[in-house]
Amino acid sequence: MRAIDHHAWTNRWRDRHPAEKLLPALGLLSLTLFLPPLTTAPLVLAGAALATVRGAGVPLRALVAVMAAPLAFLLAGAPFLAISLRFDEGFSVGFSPAGGRLALDATLRALAATGCLAFLILTTPLADWVPLLRRAGVPTGVIELILLIYRLIFVFAERALTGRRAQVARLGYSRLDRGLRSVGLLAGNLFQRALAQARRMEIGLAARGYDGELRVLAPARPLSWLRLMAGMTGVGLIGLAGGLLGRGSP
Amino acid sequence: MSAPLLAARGLEYAYPGGIVALRTLDLAVEPGRKMAILGPNGSGKTTLLLHLNGTYRPVRGEVLLDGRPAAYDRRALDEWRRRVGLVLQEPDDQLFAATVAQDVSFGPLNLGLPEPAVHERVGEALEALRIAHLADRATHTLSFGQKKRVAIAGVLAMRPEILVLDEPTAGLDAHGVAHLLAALNRLHGAGTTLVFSTHDVELAYAWADEVALFHEGTVLGQGETTAVLGNRELLERARLRPPLLLEMAEALRANESEDRHRPPPRSREALLAMLRERFPARPTKSDLLAAAPDQDRYSGA
Numbered sequence: 001m002r003a004i005d006h007h008a009w010t011n012r013w014r015d016r017h018p019a020e021k022l023l024p025a026l027g028l029l030s031l032t033l034f035l036p037p038l039t040t041a042p043l044v045l046a047g048a049a050l051a052t053v054r055g056a057g058v059p060l061r062a063l064v065a066v067m068a069a070p071l072a073f074l075l076a077g078a079p080f081l082a083i084s085l086r087f088d089e090g091f092s093v094g095f096s097p098a099g100g101r102l103a104l105d106a107t108l109r110a111l112a113a114t115g116c117l118a119f120l121i122l123t124t125p126l127a128d129w130v131p132l133l134r135r136a137g138v139p140t141g142v143i144e145l146i147l148l149i150y151r152l153i154f155v156f157a158e159r160a161l162t163g164r165r166a167q168v169a170r171l172g173y174s175r176l177d178r179g180l181r182s183v184g185l186l187a188g189n190l191f192q193r194a195l196a197q198a199r200r201m202e203i204g205l206a207a208r209g210y211d212g213e214l215r216v217l218a219p220a221r222p223l224s225w226l227r228l229m230a231g232m233t234g235v236g237l238i239g240l241a242g243g244l245l246g247r248g249s250p
Numbered sequence: 251m252s253a254p255l256l257a258a259r260g261l262e263y264a265y266p267g268g269i270v271a272l273r274t275l276d277l278a279v280e281p282g283r284k285m286a287i288l289g290p291n292g293s294g295k296t297t298l299l300l301h302l303n304g305t306y307r308p309v310r311g312e313v314l315l316d317g318r319p320a321a322y323d324r325r326a327l328d329e330w331r332r333r334v335g336l337v338l339q340e341p342d343d344q345l346f347a348a349t350v351a352q353d354v355s356f357g358p359l360n361l362g363l364p365e366p367a368v369h370e371r372v373g374e375a376l377e378a379l380r381i382a383h384l385a386d387r388a389t390h391t392l393s394f395g396q397k398k399r400v401a402i403a404g405v406l407a408m409r410p411e412i413l414v415l416d417e418p419t420a421g422l423d424a425h426g427v428a429h430l431l432a433a434l435n436r437l438h439g440a441g442t443t444l445v446f447s448t449h450d451v452e453l454a455y456a457w458a459d460e461v462a463l464f465h466e467g468t469v470l471g472q473g474e475t476t477a478v479l480g481n482r483e484l485l486e487r488a489r490l491r492p493p494l495l496l497e498m499a500e501a502l503r504a505n506e507s508e509d510r511h512r513p514p515p516r517s518r519e520a521l522l523a524m525l526r527e528r529f530p531a532r533p534t535k536s537d538l539l540a541a542a543p544d545q546d547r548y549s550g551a
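Those protein sequence lines, which keep their order, are chains A and B. So for the first sequence, this note's numbering puts the first residue at 1; every next one is plus one. So for the second sequence, this note's numbering puts the first residue at 251; every next one is plus one.
Hints listed in this document are in silico derivations from the structure and should not be mistaken for laboratory results. We put the beta carbon where it would ideally sit given N, CA and C, even for glycine. Hints may be right or wrong, so weigh each one.
Stated by the list, open to error - Covered, in the sense of this in silico footprint (three residues per stretch, anywhere, with C-beta under 8 Å from a C-beta of chain A), are these stretches of chain B:
no.: 1; region: 298 to 307
no.: 2; region: 338 to 347
no.: 3; region: 358 to 372
no.: 4; region: 383 to 389
Please build the complete structure, drawing on both the sequences and the hints.
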C-alpha cells in the first residue's frame, strides 16, 4: 500500500488532470468487457502496462507487485471454472472444452481489468480523486470520510507498528497465546488513541474555523484535450485491433 | 496604560471528574511581545492555551480581548480564533488534508475568502516558513519538523494577531529548533505577537521578552525575562532551575563589582564573549611560531 501511494504521488503523470487518466482507463476496461477477450485482453493489458511504465515512469516491478496478489487469486480460481459438475446421470465431475474456454476468457478479462485499475491507482494520488468524486455527486460527508481515513491510516499504521515493536521487544509474541493477547491489547489501545486523536483534531480544526465542513482548495490541473484525445485514440486502436483479430473466433 | 491584547483574569477550570487544572490564574499579553509560558510538563499549560482561543470555557473568571470579556457564541468565537491562532503540540493532530497546500488553504477558506485570496494566503504562509517547495507534497510523507512548520503555516494563513504555540520546539533536533525559531522571529518582526508554552528554561531565557511562570495551574509571576528568571525564590517555588547561562554569568562575575550593571548574557555567543574577555587566551605554541615566520622552526632540533 505504501508503494502504491508513493508511486501515485511521484510518477511523471501525477500533475495531469485525472480525467486524462480515468477516461482512457474506463475505455480500456469496457473494451475487455465487450470485445472477444482472447485477442483484446492481452492488448489491453499491454496498453495499460505501457502507459504505466513507459508513460508515467512507474517501475515495472511496482506494477507487477500490485498485480501479483489479484493474479494469485485468479490463478487459484480459474481451474474450478474449467471443471463442470453434472447431476443428470448420477454425479460426475469432468473437464469440458467449453469450460476450459470459459476459464481462459474469464481469467484474461480479469487480468486486463486489473491492469487498468493498477494503472489508475499507480498514477493518480488520492487528492486528485476528490474533485472527480465531488463532480460525480458523491455526498460531501462521504468525501470527507475518505480524506480523513486516508490521512489517519498513515498515522495509525505508524502507531500500530511502533506498538507492535514495543510488544515484540518485551516478548509479547513469543507464544501463540501471548501473541493473541498482545494483538488484543494493541487493538484496544489503538481504539482509545483513535478517540483521543479525534478529540484533539477537533480542537485543532476548530482553531482554524472548522464549521462542520472540511473545505480545501482543489489542486489546479488544467485538462489537456490533446492528451485526452491521444489517450482515447490509443484505446480506439486497441479496440479495433482486438475486434479485427478476434473476428474469426467464436 | 491601554488594555492588553489578550488577558486572563481569575481563570479557574476543572476537568469533568473534578480534576482542577487552573486556579485563579491571571495573565496579560501585550501586543508585539514574545511571551513564554514556562512550567513543568503536566502543570496545565495546554489547558491554559486552550482557554486563550476559546476552546475551553472557564468555570470561573474570564478571558479578555482588548480589555473586553470574550463571548462564546459562534460569531464571537470565529472572530476570536481569527485573531488568536492556536498551534497544537502534535502536528498530526492538526493536519488532515492530503497535500500541504490543501491543508494550509483550510483556514483561509473558513474565513470565507475568495479563491484567489486563498491562493495568495497559502503562498504567503508557506513562504514565511520557507516551505514553499513542499506545497504539493503528500502530508504523510513529511518529516516531523516539516509537519510542524506546515501546522504553523496553516494557522498563519489566517493572519492572526497573536500566535499561540504549544511546546513549539518539542521533538525537534537542534537544527530543527534553530529553523523554527528563525521562522518565528520573522513572524515576530512582521508584527505578530507570540505566546508559547515550554518546559525549557534555557529556551525561555534565550528567546522570550517576557516570561509567565506557571506552576500547578496558576501563574506565579509574570514579567521581563531576566527579572523573572533571575528571581531564585520564584523559580524554586515553580520547581525550576535557573538558566545555565545566567548561573554561569553570575559565577564568573561574583567578585567583579564593575560588571554588576552589565546585562547578563542571553545567548551562547554572548557568554563566550564574556568568557574570552574574562580569560584572554594565552598565545599557543603555533601562534608563537606563526608570529615568527622568518625563523626556521626546526633549526634547534
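Cross-check of the supplied hints:
no.	hint	result
1	298 to 307	holds (count 3)
2	338 to 347	holds (count 8)
3	358 to 372	holds (count 7)
4	383 to 389	holds (count 4)
No hint from the list above goes unmet by this structure.
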